[in-house]
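Chemist: Chains as they are written, first to last, in the numbering used here: chain H, 1 to 549; chain V, 1 to 549.
Output of the computed footprint for chain H on chain V, the stretches with three or more beta carbons under 8 Å from beta carbons of chain H:
1. 271-282
2. 309-315
3. 382-394
4. 413-419
5. 423-432
6. 519-531
These aren't lab readings, by the way, just hints derived from the structure by calculation. Bear in mind that the values here come from a model prediction, so they are computed numbers and not experimental data. All C-beta atoms, glycine included, are put in the ideal place defined by N, C-alpha and C.
2 protein chains.
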Amino acid sequence: MVTVSFKEKIKGIGGDASYEAKARVLREQLEAKIPAGLKLPPAILEDPPLDITHIPETCGLLTAQELAITELDATAVCQKIAAGELTAVEAVTAFGKRAAIAHQLTACLMDFFLDEGIKQAQQLDEYFQKEGKVIGPLHGLPISVKGHYPLKGTVGCGGFLVNMETSTEDCDMTSILRSLGAVFYVKTNQPQSLMHLESKSTYGRALNPHNTNLTSGGSSGGESALVAMKGSCMGLGTDGGGSIRGPSAHCGIYGIRPSSRTTPTHGLLWYQHGQDGVIPSTGPMCRSARDMRLFLEAVLEANPALRDPDVLPIPLKVPDLTQKKLRVGIMMHDGVVMPHPPTIRALNLVKAKLEASSEVEVVDYVPYDHDRGYSIVRELYYEDGGATVRRLLEEGGEEMDPLTEWVISPPHVKNHDAAQVWKLRDRRDNFRREYSDHWWSQNVDVVVCPPFQGTASPHDTTKYWSYTAIWNLLDYPGAVFPTGLVADPAIDVYQESPSPMSAADEYNISLYDAAIFKGAPVSLQTVSRRFNDGLVLAAQDVIERILKS
Amino acid sequence: MVTVSFKEKIKGIGGDASYEAKARVLREQLEAKIPAGLKLPPAILEDPPLDITHIPETCGLLTAQELAITELDATAVCQKIAAGELTAVEAVTAFGKRAAIAHQLTACLMDFFLDEGIKQAQQLDEYFQKEGKVIGPLHGLPISVKGHYPLKGTVGCGGFLVNMETSTEDCDMTSILRSLGAVFYVKTNQPQSLMHLESKSTYGRALNPHNTNLTSGGSSGGESALVAMKGSCMGLGTDGGGSIRGPSAHCGIYGIRPSSRTTPTHGLLWYQHGQDGVIPSTGPMCRSARDMRLFLEAVLEANPALRDPDVLPIPLKVPDLTQKKLRVGIMMHDGVVMPHPPTIRALNLVKAKLEASSEVEVVDYVPYDHDRGYSIVRELYYEDGGATVRRLLEEGGEEMDPLTEWVISPPHVKNHDAAQVWKLRDRRDNFRREYSDHWWSQNVDVVVCPPFQGTASPHDTTKYWSYTAIWNLLDYPGAVFPTGLVADPAIDVYQESPSPMSAADEYNISLYDAAIFKGAPVSLQTVSRRFNDGLVLAAQDVIERILKS
Numbered sequence: 001m002v003t004v005s006f007k008e009k010i011k012g013i014g015g016d017a018s019y020e021a022k023a024r025v026l027r028e029q030l031e032a033k034i035p036a037g038l039k040l041p042p043a044i045l046e047d048p049p050l051d052i053t054h055i056p057e058t059c060g061l062l063t064a065q066e067l068a069i070t071e072l073d074a075t076a077v078c079q080k081i082a083a084g085e086l087t088a089v090e091a092v093t094a095f096g097k098r099a100a101i102a103h104q105l106t107a108c109l110m111d112f113f114l115d116e117g118i119k120q121a122q123q124l125d126e127y128f129q130k131e132g133k134v135i136g137p138l139h140g141l142p143i144s145v146k147g148h149y150p151l152k153g154t155v156g157c158g159g160f161l162v163n164m165e166t167s168t169e170d171c172d173m174t175s176i177l178r179s180l181g182a183v184f185y186v187k188t189n190q191p192q193s194l195m196h197l198e199s200k201s202t203y204g205r206a207l208n209p210h211n212t213n214l215t216s217g218g219s220s221g222g223e224s225a226l227v228a229m230k231g232s233c234m235g236l237g238t239d240g241g242g243s244i245r246g247p248s249a250h251c252g253i254y255g256i257r258p259s260s261r262t263t264p265t266h267g268l269l270w271y272q273h274g275q276d277g278v279i280p281s282t283g284p285m286c287r288s289a290r291d292m293r294l295f296l297e298a299v300l301e302a303n304p305a306l307r308d309p310d311v312l313p314i315p316l317k318v319p320d321l322t323q324k325k326l327r328v329g330i331m332m333h334d335g336v337v338m339p340h341p342p343t344i345r346a347l348n349l350v351k352a353k354l355e356a357s358s359e360v361e362v363v364d365y366v367p368y369d370h371d372r373g374y375s376i377v378r379e380l381y382y383e384d385g386g387a388t389v390r391r392l393l394e395e396g397g398e399e400m401d402p403l404t405e406w407v408i409s410p411p412h413v414k415n416h417d418a419a420q421v422w423k424l425r426d427r428r429d430n431f432r433r434e435y436s437d438h439w440w441s442q443n444v445d446v447v448v449c450p451p452f453q454g455t456a457s458p459h460d461t462t463k464y465w466s467y468t469a470i471w472n473l474l475d476y477p478g479a480v481f482p483t484g485l486v487a488d489p490a491i492d493v494y495q496e497s498p499s500p501m502s503a504a505d506e507y508n509i510s511l512y513d514a515a516i517f518k519g520a521p522v523s524l525q526t527v528s529r530r531f532n533d534g535l536v537l538a539a540q541d542v543i544e545r546i547l548k549s
Numbered sequence: 001m002v003t004v005s006f007k008e009k010i011k012g013i014g015g016d017a018s019y020e021a022k023a024r025v026l027r028e029q030l031e032a033k034i035p036a037g038l039k040l041p042p043a044i045l046e047d048p049p050l051d052i053t054h055i056p057e058t059c060g061l062l063t064a065q066e067l068a069i070t071e072l073d074a075t076a077v078c079q080k081i082a083a084g085e086l087t088a089v090e091a092v093t094a095f096g097k098r099a100a101i102a103h104q105l106t107a108c109l110m111d112f113f114l115d116e117g118i119k120q121a122q123q124l125d126e127y128f129q130k131e132g133k134v135i136g137p138l139h140g141l142p143i144s145v146k147g148h149y150p151l152k153g154t155v156g157c158g159g160f161l162v163n164m165e166t167s168t169e170d171c172d173m174t175s176i177l178r179s180l181g182a183v184f185y186v187k188t189n190q191p192q193s194l195m196h197l198e199s200k201s202t203y204g205r206a207l208n209p210h211n212t213n214l215t216s217g218g219s220s221g222g223e224s225a226l227v228a229m230k231g232s233c234m235g236l237g238t239d240g241g242g243s244i245r246g247p248s249a250h251c252g253i254y255g256i257r258p259s260s261r262t263t264p265t266h267g268l269l270w271y272q273h274g275q276d277g278v279i280p281s282t283g284p285m286c287r288s289a290r291d292m293r294l295f296l297e298a299v300l301e302a303n304p305a306l307r308d309p310d311v312l313p314i315p316l317k318v319p320d321l322t323q324k325k326l327r328v329g330i331m332m333h334d335g336v337v338m339p340h341p342p343t344i345r346a347l348n349l350v351k352a353k354l355e356a357s358s359e360v361e362v363v364d365y366v367p368y369d370h371d372r373g374y375s376i377v378r379e380l381y382y383e384d385g386g387a388t389v390r391r392l393l394e395e396g397g398e399e400m401d402p403l404t405e406w407v408i409s410p411p412h413v414k415n416h417d418a419a420q421v422w423k424l425r426d427r428r429d430n431f432r433r434e435y436s437d438h439w440w441s442q443n444v445d446v447v448v449c450p451p452f453q454g455t456a457s458p459h460d461t462t463k464y465w466s467y468t469a470i471w472n473l474l475d476y477p478g479a480v481f482p483t484g485l486v487a488d489p490a491i492d493v494y495q496e497s498p499s500p501m502s503a504a505d506e507y508n509i510s511l512y513d514a515a516i517f518k519g520a521p522v523s524l525q526t527v528s529r530r531f532n533d534g535l536v537l538a539a540q541d542v543i544e545r546i547l548k549s
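Chain H extracted, bound-state conformation (with noise of 0.2 Å):
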């Protein structure tokens, strides 16, 4: 492994001299946004360790009043704003000051206004003073967003600096969240066609705070590596391929891709609009489970299917699961590429757990041909051939990702016609309908499986998803959980050689030398039935129990 410097690994995209002049200018406006005394010593970013969790506590800049508010999980901020010991302002100011010193050693932003979450923030307290009440049950949080989520005055963008805007309004998405309450104060970045597990961009390369030679994952990475350096309680992500789930095990926080159209997501910046075949979700990266689903009630609660009529108005039944034994299949690999070791160290901890616990039974979940529904989903993502990602490029002068060119590349990626988009569509329908034959042949409630093929992957490797797009394509709700474990050279070592299932598989067993992964956190999925979101929930709540038990 080549040493690179910490400038050179938080490199964002490049481009011509055209795209390089813009680019510079973003970079600046944004450099000029973060108060100068929240500027970190540039003795700490010029050589910092590996793991950085620990520098917002060190460097100074923050009161121990504001470590202390950055803290909390957002249920508790929200509850301590509703009892009046806490103020909107210092929620948003704690945070904010948080993730100005997060972005300097993780490149997770792409804007940041935190003058305007204080005077949003002002406003509620006075709220507050004046009615006694809160606003709404987000009251006074601070919520972080995701680059192409419309937010007025805000910078985004639709994954190229082509179509980099300044917001003229809310999305719904946005505009709900704040009718409830939130107080918004950065935007984050993500990659490049925003169709990566890794988040690299104009505005530099999103780092994982646990090991900054990993990547924080994509294309949410900028919130998960936010959230991770708890700039940011509650972080608004998205997930067309495993855009929260992927970003969020490898940083070791919480985050549910609901199933699809239950929550809002129109308005977002995109460049594929109609591109239909595969419906994204919008959704929560956080620090603890019920903060998931505080964020979900929230949301449903509000009604966004009364804004928007391509949203489902299916609502979140979280079921008591001390009525019934909870089946929960447990799925150490996908068929396809075995995980890392790490990775099958935590499978075999939460199996045996479950195993010792009369509460659950367990099941050996067989997976169903997901080679071929990555193959399905790969081709769906990109049904033009990926022209539509070449012209913007090259419109902006930007530089092609590899990873981006890897995700728009043959074998999977291909042109279609009319007739040939409905072929596709209709080998997605047939293989949605088998695996749900599958699903019931395999009597489980819930499934429990890797988030990924091992922990968080060194920078520009990231090429296999199909542990979190499988069920993109599915329309399958999986929320993922830090199991507490953390990859340790000492013991996460093959203990034979591994005899590889496929060529991807070859590539995974490749990319791996325990060295490399110190400190990675190992995370988990929970997934279920299309719908059955709040069962993800509630049976995530008894597996993560008694995991950690």
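With chain H fixed as given, assemble chain V onto it according to the hints.
Modeler: Below, chain V alone, put in the same frame as chain H:
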């Protein structure tokens, strides 16, 4: 108007020698299944009157008891069977015999298997006698099934001779209905391509029983003719552009197009699988408003989403309208094509009656850019420019029906590549959003509007479906009901020479000659926002009651 013989009128689609040979076999097979004792005397078929609805009563082939049974609606049939006052065998025998008669007069069938139905009914009767209870909510109910629903052992097709099959399995819908106790005895006729509002196929042209110079509508036009002839009290239709509502309205029966994907569609015979720009619905065609509810409640109660991951688990909620004042928008026309005088008369009547009622509030509903919506939906039907249709006709040596040619012709229809498919679907999504905003601005709960730009049309003339297809594009549920009025040459005349609003309007005006439409039922449509299917049912009851009071 040229007078054509009855034999000529009822004749089906032709083709080359190879087609004709196969078509003859199919027609003869159907012919042979109808028992000699149910054949109408040649004298009747030589030159029947335009209104043939009374022939089943007068032809002498049905007993008084059979005639009485076929007067019942589905709810009454189910109730009587459940009360032991009627057997399943008696029910299917009566409807089956009447269906055989109806077919000879309207070409409404494509398969006839009363013997099988009687066997099924015998088993249900035995169950009832032994267990003292019904097997399900539709125990013993004879249901007629549109041609493209697979039903084990029966003939079906996806709109062309070349995709004719004898089905080896039930599809989801027929399987669910079977499990609820339904009895099958006939499959019904549908048009070439399944995409007209007129039903002419290899099996003949379906005629309107109220006036055989008019179409029974399409594509569920075999069903509408059969139900109007009382050869069925519950028919199974599909609706992707008006194919339940159009024929139901034309024949003076009830029909609802539920919101898409709330009822089972899996397995339907079709020729553009994966074409998911507009999703067809499945629903009932029947003789009372309560039967629509009976059907939907029974089918949704069976939880079709468990079989089919594409089905949305959205329950049917029929609101109690005694607690609120219903706001009814009246849409007199769509801004593109003015309905013919009989329909305007019905709209004026319903408006006056509703305005006079204290139960509802009446609003003049302003349509929103229906012309654009209709263009979008027509383009969505054939994103391949109609190439698949042309290929299937060629493969089968089947003549292209003039209405098939019309539906796949420019300017609406054109070939698309993948990026053009996305653009088109983006136009669809934008229209849906704009329409939703518009709907709220109108402040209505439901809209009452024409189901068509007049009553049933003369054969081969139906070229504008926007009064139904616009709601398919929007996925707004809609039900049609007979007003009790019929076209009356004595009063249904233009008061002054109409000035066309559009080329389509000019064509529609040119079709009108009061004498031609004599006796045609005048129907209306009740529509509400997506997923408000229960509100449509509840409002339809209120509106119809006030109209008919």
